[in-house]
Amino acid sequence: MNTQLSEAPARDPSTDGGGPAIRLAGMARDHAAPETLGEPEYVVELKDVSCYYGAFRAVRNVDIKVARNSITALIGPSGCGKSTLLRTINRMNDLVPSYRSEGSILLDGQDLSSKSVDPVAVRRRVGMVFQKPNPFPKTVWENVAFGPKINGYKGDLHELVETSLRRAALWDDVKDKLQQSGMALSGGQQQRLCIARTIAVNPEVILMDEPCSALDPRSTLQIEELMAELKKEYTIVIVTHNMQQAARASDTTVFMTMGEDRAGFVVETAPTVDIFTNPKNQLTEDYVSGRFG
Amino acid sequence: MTSVPVPLTRRRPRSERVIETLLFLSAALGVLTTAGIVLVLVFQTLEFFQVVSPVEFFTGTRWSAGIRPYAWGVLPLVSGTILVATIAMIVAVPVGLLAAVLLSDYASPRVRATVKPLLETIAGIPTIVLGFFAVNFLAPQVLIPILGKQNIGTFSALSGGIIVGLLVTPLIASISDDAMRAVPRGMREGAYAMGATKFEVIRKVVFPAAISGIMASIILAASRAIGETMIVSLAVGDKPQLTFDPTESVQTMTAFIAQIAIGETAQGSVQFKALFAVAATLLVFTLVLNLLSGWVVRRFRTEY
Amino acid sequence: MSLTSTSAVDPAVRFEPALMRRKLSGTVFYGLCVMAVGILLLALVMLLADVLVRGLPWLDWDFMTGGPSRRPANAGILPALVGSLMVGIIVGVVTFPVGIAAAIYLNEYASDSWVNRVLQTNISNLAGVPSIIYGILGLAVFVRLMELGSTILSAGLTLTLLILPVVIIASIEALRAVPNAQREGAYALGATRWQMVRGSVLPAASPGIMTGIILAMARAIGEAAPLILIGAFAFVTFLPNPFTGSYTVLPIQIYDWARRPQDDFAGIAAAAIIVILVLMLVLNALALILRARLSRHIQW
Ligand SMILES: Nc1ncnc2c1ncn2[C@@H]1O[C@H](COP(=O)(O)OP(=O)(O)O)[C@@H](O)[C@H]1O
Ligand SMILES: [Mg+2]
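Chains as they are written, first to last, in this note's numbering: chain E, 1 to 293; chain H, 294 to 597; chain G, 598 to 897.
Here chain E stands alone, though its shape is the one from the complex (with noise of 0.2 Å):
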């Protein structure tokens, strides 16, 4: 289900490509992932992961694997604990005093859920973009700058910032307004501008936690042509709340719900045609037809 709708915009050929850059704190280099060949190579393995907040528990056993190069959609019905999954991904919840999760997360085969990785190495490697456009209130070139800079980067700033702006679909729109604040831009370019300061810290995988709820759908469509592009060196993770943007953006679909206690847990994996079109769970296909959520 390719849904490229327009021609990706040029890219600048001194580009760097999207590969590990550092390891975490804590490992050694030979724990790298293994090239295993035939089948996908996943990127991010969930093992039976369980999220709490104090004695809640917000998300049951699940077992996710995300394939390099590839859009992987989380839907759901609302509180079902798909940003709740995201946001334990790349350690974010350690955030939250009250929150505990268990099981493995693995990314290129490293436990990174483990009390002695550190959750900032691994947020560098793994990048998140927000349901609410979040710019920093500095200027557009700041906003990308601000990443390469506290990571120690030791290229040319310049050119990383125009490099990432130009590869988030930005640079045509910005690059009269580089020193103008961030936070002045529209909606969907305030959201692009957040993929740019992203992608600048070159992560692996870039997880978005309904990217589009708050943009029109000019902006949604806009921003679904960048992911279709970004997904060639990156791999993704959308949460969305648009079944739609799932059937048209992603190439595999899991569907959550939660049962009586609110616990949420993944009920179907599948080829994101599957799960539209062949469902093969009751519950998937209420939800997919609209029946359910």
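Do not take every clue at face value.
To be verified - Per label pair, the in silico range of CB-to-CB distance:
| hint | chain 1 | residue 1 | chain 2 | residue 2 | range |
| --- | --- | --- | --- | --- | --- |
| 1 | E | G152 | H | P438 | 40 to 50 Å |
| 2 | E | K115 | G | S708 | 58 to 68 Å |
| 3 | H | I439 | G | R893 | 29 to 39 Å |
| 4 | E | P40 | H | P387 | 51 to 61 Å |
Unchecked claim - In silico DSBU-like pairs for lysine-lysine, Cα to Cα no more than 30 Å straight-line:
| hint | chain 1 | residue 1 | chain 2 | residue 2 |
| --- | --- | --- | --- | --- |
| 5 | H | K497 | E | K138 |
| 6 | E | K138 | E | K175 |
| 7 | E | K65 | E | K175 |
| 8 | G | K620 | H | K497 |
Just so you know, these hints were derived from the structure itself, not from any lab.
Just so we're clear, the structure is a prediction, and the values are computed from it rather than from any experiment.
Think of the CB as a built atom: it goes at the ideal place given N, C-alpha and C, for glycine as much as any other residue.
Keeping the supplied structure of chain E fixed, place chains H and G with the ligands upon it in accordance with the hints.
What follows is chains H and G with the ligands alone, placed relative to chain E:
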């Protein structure tokens, strides 16, 4: 039961208009207060200037209101005020901002709910009590042992300045904490998501985003420090001199006003008129700072 | 598939996150923050300890019921305490209607005309005027112009002017916090504006407003600077009459004693400080209790 139709074009009852007028007059009392302050100070200052030339007042470097030959150069009082306020801000800005960061970004809600009121308690202590603390504890038991008896006395700009700093620190901490907490969580998360450490999130995102509130709090604190009377008239001494040595005893504008008011000064005397001229100068200083803080808030405000 | 297929340079060498160093500076910074709060709390504790150690030995019944004296051992604070309480009551009684009325006008009635903007700006500027300047105003207006003399009444009115801006700002804040649905609910029942304010908004905002007024009274009682100009510096051995005759108040009494070099005077000054701090504590507790009681029925 039949109902009488209410006329839809009923005029506003008289009582409503009377009430509104009364409410308006209460709000307008502030304008009367302002007008009163300005009129009193302007008239009395003009009277003072009939005796003492404005040139001497604004440029003279000697002030002597008690001992002949009298001298009416306000600069020593201004320098004393600025010296004390500067010392206060050197204490209050770093301590207040660090405390604000602790409250806004490190402390758990429970710790914050305990610590913030405690800090605000300091600002609520009558300033005369703080002045007492400066004279009876800070100077004799801390400053003199550290700096030596020959270097600093009981009354010094340093002792008073530190305590004025203590007084205004909670102001900076409290307002800056509010400003930093008003920075949306999403903005912090955006920085975390790129691999920023907590310190970097605070320093490079939260702090700049809250800068208008932070700067306003600092200016407000400075204005408060300049206008503070009781601490300085107890702890700083009453020696008007043009110096920037913190270990010296000086006199501030407010302390001079208090000194004249306490003394048996005849109300028509030059000394008493000088009180108004100094008060007018003081008011101009604080007014400029207040206007500046308003401008800063408008100029640097971040709309989230 | 090679991970660096589109790049000539290995990205690993282009980022040097130096996490250890960054974390370390974060830890140092956190330490500094804790230290800052520690210093403040330590200062508070030292202040209280110093005052208690000096003052408690002097604090007895004779001290509470006696008048001032040239000799510390015989001195007491009753006239000053009564003076302070009277000043506080006058401030409360005048501030209550005027402060609330002004806040109601500014938040519920005022349109966005320039007159009202001037009123608003003026009030926030007044809040920044040094307190001693209010003393000068009080001296000119109440003592001389209105010929009230150097009395408790003049003192109370002067301090009222001083704290009104603070009270008005706090009350406006409390009124703002009342959701608009409250107002619309009253209007929907056919209420006039004043009926709406009195029946709906004011009760809802009363916890915040009352707290603000009591705290302002506490501030007025602790304030000394303006009263120096209103003649509070008197040697009063009798209980004052609020409308005639001289008076003194606690903070001025403390000032007078604290200026004297003898240790015993520092002792009674500290004892008087204990009394004024307890008074503040009582008023703050009162504010808390009142707030809790008034907000029992308010929930949104
Ligand atoms: N910070 C939090 N503290 C406590 N509970 C939370 C928190 N965030 C989310 N939850 C709870 O976890 C469950 C899943 O929430 P979420 O992951 O946001 O769902 P979704 O993104 O699928 O709508 C919900 O029941 C929600 O109330
Ligand atoms: Mg969500």
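Checked hints:
no. : hint                        : verdict
1   : E:G152 - H:P438: 40 to 50 Å : holds, 46 Å
2   : E:K115 - G:S708: 58 to 68 Å : holds, 60 Å
3   : H:I439 - G:R893: 29 to 39 Å : violated, 53 Å
4   : E:P40 - H:P387: 51 to 61 Å  : holds, 55 Å
5   : H:K497 - E:K138             : holds, 10 Å
6   : E:K138 - E:K175             : holds, 16 Å
7   : E:K65 - E:K175              : violated, 38 Å
8   : G:K620 - H:K497             : holds, 15 Å
Checked against the numbered hints above, the structure violates hints 3, 7; every other hint is satisfied.
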